[in-house]
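*Asks:* Those protein sequences? They're chains A and B, same order as listed. Going by this note's numbering, 181 is the number at position 181 of the first sequence; the sequence numbering is gapless. Going by this note's numbering, 149 is the number at position 149 of the second sequence; the sequence numbering is gapless.
These are computed hints drawn from the structure, not numbers from a lab. Glycine residues also receive a C-beta, built at the ideal position from the N, C-alpha and C atoms. Wrong hints could be hidden among the right ones.
Capping the alpha-carbon separation at 30 Å, the derived lysine-lysine pairs in DSS-like fashion look like this [unchecked claim]: (1) A:Lys288 to B:Lys128; (2) B:Lys191 to A:Lys141; (3) A:Lys161 to B:Lys128; (4) A:Lys146 to B:Lys199; (5) A:Lys154 to B:Lys118; (6) A:Lys285 to B:Lys88; (7) A:Lys154 to B:Lys77; (8) B:Lys88 to A:Lys288; (9) A:Lys41 to A:Lys58; (10) B:Lys118 to A:Lys141.
Beyond 10 Å from chain A on every Cβ pair, some chain B residues (computed) [unchecked claim]: (11) His44; (12) Leu50; (13) Thr112; (14) Gln125; (15) Ala136; (16) Arg147; (17) Cys148; (18) Val160; (19) Pro163; (20) Arg181; (21) Leu182; (22) Arg183.
Given next are the chains, with one letter for each unit.
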Amino acid sequence: MAGPSIFSSRHGSTGVQALNICLEGVVPTSERSGMINDLVKYLLYERGQIPMTYDQLKDVISVETKKICENDKCKSRSLNCHEVFLQDIEALFSTVNYVFANVVPVRKILVIFGPSIICPKESFMINFPTEFYEGTILSHKCCMRKVFRQLIAKNFLDNTKSPNSGTSLFLLFWAPRSCNYEAARLLPKLSFNAPNRGLRFLINFTFSHIVNRSPNISLTTDDKIDISGIELLDDSLEDGPSDFNTASSPLHKSTCVADATSCLENGDQTESDDYIWYQSSTVVKGFKEKFNDGNKIWKLS
Amino acid sequence: MATQSQSNAITLRGSTDIVADFFVYGINSILYQRGIYAPETFTHTQKYGLTMLVTANDELKYYLNNILSDVKEWLFKMTVQKLVIVIKSLDNGEVLERWQFNVECDKTVTETSAPKMKNESEIQQEIKGVIRQITASVTFLPLIECRCSFDILVYTDKDVSAPATWSETGPALIENSQEVRLRSFSTTIHKVDTMVAYKNVADL
Chain A
1 MAGPSIFSSR
11 HGSTGVQALN
21 ICLEGVVPTS
31 ERSGMINDLV
41 KYLLYERGQI
51 PMTYDQLKDV
61 ISVETKKICE
71 NDKCKSRSLN
81 CHEVFLQDIE
91 ALFSTVNYVF
101 ANVVPVRKIL
111 VIFGPSIICP
121 KESFMINFPT
131 EFYEGTILSH
141 KCCMRKVFRQ
151 LIAKNFLDNT
161 KSPNSGTSLF
171 LLFWAPRSCN
181 YEAARLLPKL
191 SFNAPNRGLR
201 FLINFTFSHI
211 VNRSPNISLT
221 TDDKIDISGI
231 ELLDDSLEDG
241 PSDFNTASSP
251 LHKSTCVADA
261 TSCLENGDQT
271 ESDDYIWYQS
281 STVVKGFKEK
291 FNDGNKIWKL
301 S
Chain B
1 MATQSQSNAI
11 TLRGSTDIVA
21 DFFVYGINSI
31 LYQRGIYAPE
41 TFTHTQKYGL
51 TMLVTANDEL
61 KYYLNNILSD
71 VKEWLFKMTV
81 QKLVIVIKSL
91 DNGEVLERWQ
101 FNVECDKTVT
111 ETSAPKMKNE
121 SEIQQEIKGV
131 IRQITASVTF
141 LPLIECRCSF
151 DILVYTDKDV
161 SAPATWSETG
171 PALIENSQEV
181 RLRSFSTTIH
191 KVDTMVAYKN
201 VADL
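From just these sequences and the hints, can you work out the full model?
*Replies:* Given below as structure tokens:
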């Protein structure tokens with residue numbers, strides 16, 4: 001039976017810096033894309049790829065754009081690097097949202113900083129559990145508060161030297177081989193393996209109150225399974241496959257149980273045979289703010 | 001080579017300047033991030049390779065300038081132990097957050113001592129890490145929804161006599177608080193640890 005990945009942290013330049021984050025409650029699939037997007041925003045700032053936080057940057061760019069448009073130069077100008085960044089990062093977030101909404105389940109996300117995915121400076125592997133679980137559903141705000149508290153309190157990145165600003169960010173998903181990747185604008189990377197070079201970080205999410213269901217689930221007399229804590233799925237088995245998954249993929253509640261059961265039984269075998277890495281076609285590049293070195297704002301007496 | 005060794009040599013005065021500068025930008029960063037003052041009253045500048053937000057409010061600048069000039073003097077004399085930013089609700093005076101900077105000094109160092117060696121860029125890298133963590137802390141700190149004020153408390157050695165502008169006060173601790181320790185930096189003469197304590201609120 002597949003369980004959450006447990007890694008021991010190893011020190012040293014070739015080891016993996018691992019962090020297990022346990023959340024007391026349930027994080028629905030619909031919230032996980034938000035988690036990934038917030039982590040990407042955090043990593044971009046923390047690793048020195050943007051000069052201020054994403055939210056601050058968005059405000060600044062919005063004000064800049066407004067000023068330019070007021071001067072009636074809006075139509076003729078091309079986008080500056082700030083706006084290109086914002087455009088790309090929003091496209092990346094859309095991809096993440098789409099994948100999580102349509103792929104069941106997304107087990108791993110890989111964030112890579114580097115000139116290419118095969119030449120990473122740093123990589124961040126994010127693991128999600130895939131068992132059935134019950135418990136209090138955590139709101140996004142509550143969930144991220146807990147996540148960031150642990151990331152910061154445990155000094156996960158340990159003041160390691162950041163890559164140079166303007167390093168590319170690549171996002172990869174560990175998803176079923178048979179998925180409709182074109183709909184999600186993903187690029188299959190059949191021969192890609194998780195990096196074994198550069199600085200490597202692992203974030204393992206585990207949810208407490210996990211109930212590991214036995215593969216032999218007894219159906220009730222009316223053939224309906226009541227699994228509290230799981231979102232109700234659209235009861236439309238006859239409608240056929242979604243845009244992203246094929247007909248054999250778990251969408252409907254009852255088929256979800258059956259397929260997830262086989263996933264639980266097969267565990268790693270399913271993972272290695274039926275899942276591959278897909279790269280988001282959007283690559284994000286940060287930038288370094290350039291200032292004219294003006295007078296000091298402060299001068300202490 | 002002379003330039004290289006000069007940038008690695010840290011004197012007591014140099015270390016004091018570095019820590020005092022950090023307090024300037026750290027305090028400004030906290031005031032901005034926690035919304036104590038309106039965002040439009042801050043202006044961008046660059047420090048430590050980061051885009052920092054510092055107040056453009058003349059009254060606040062004057063206030064902070066005066067306080068930090070005294071702090072700088074205490075840093076030089078190595079009599080300061082902690083600097084604390086206390087954020088309080090204006091409605092009921094309740095302490096909501098405490099940003100504490102613990103200062104450890106190498107008291108063997110004097111004004112005439114030989115400089116200690118540490119790469120300036122390494123110190124800057126450490127300070128950058130602290131500032132980033134201060135900024136990132138808003139991701140887990142409770143939202144401050146009421147109007148707030150701030151106080152600056154300085155813990156000094158017992159025999160220190162403060163100017164008349166300072167008065168002795170209590171620690172302004174938070175009841176039922178959670179604490180998170182952030183990164184630290186060291187000039188080899190002064191070491192500064194940062195932590196934040198906040199009121200424990202029920203998760204929504």
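*Asks:* If I take the minimum Cβ distance from B:Val160 to any residue of chain A, is it greater than 10 Å?
*Replies:* holds, 19 Å
*Asks:* Would you check the hint for A:Lys146 and B:Lys199, treating anything up to 30 Å between C-alpha atoms as holding?
*Replies:* Distance ~15 Å between A:Lys146 and B:Lys199 Cα, so the pair holds.
*Asks:* Checking the smallest CB distance to chain A, is B:Thr112 really beyond 10 Å?
*Replies:* holds, 22 Å
*Asks:* Straight-line Cα separation of A:Lys154 and B:Lys118 no greater than 30 Å?
*Replies:* holds, 26 Å
*Asks:* Is the hinted pair A:Lys288 and B:Lys128 satisfied, with a Cα-Cα distance of at most 30 Å?
*Replies:* holds, 15 Å
*Asks:* Can we trust that B:Cys148 is non-interface, i.e. its beta-carbon lies farther than 10 Å from all of chain A?
*Replies:* holds, 19 Å
*Asks:* Given the proposed pairing of B:Lys191 with A:Lys141, does the C-alpha separation stay at or below 30 Å?
*Replies:* violated, 34 Å
*Asks:* May I ask you to check that B:His44 keeps its beta-carbon over 10 Å from the closest beta-carbon of chain A?
*Replies:* violated, 8 Å
*Asks:* Beyond 10 Å from every chain A Cβ: check whether that's true for B:Gln125.
*Replies:* The claim is violated: B:Gln125 sits with its nearest Cβ about 7 Å from chain A, within 10 Å.
*Asks:* Determine whether the non-interface label on B:Leu50 survives the test: each CB of chain A must be over 10 Å from its CB.
*Replies:* Label violated. Min Cβ-Cβ 6 Å, cutoff 10 Å.
*Asks:* Per the stated criterion, does the least C-beta distance between B:Arg181 and chain A lie above 10 Å, as a non-interface residue requires?
*Replies:* Nearest chain A Cβ is 7 Å from B:Arg181, so the label is violated.
*Asks:* Holds or violated: is the Cβ of B:Arg147 farther than 10 Å from all Cβ atoms of chain A?
*Replies:* About 21 Å separates B:Arg147 from the closest Cβ of chain A, which puts it past 10 Å; holds.
When each numbered hint is compared with the structure, violations occur for hints 2, 6, 7, 8, 10, 11, 12, 14, 15, 20, 21 and 22.
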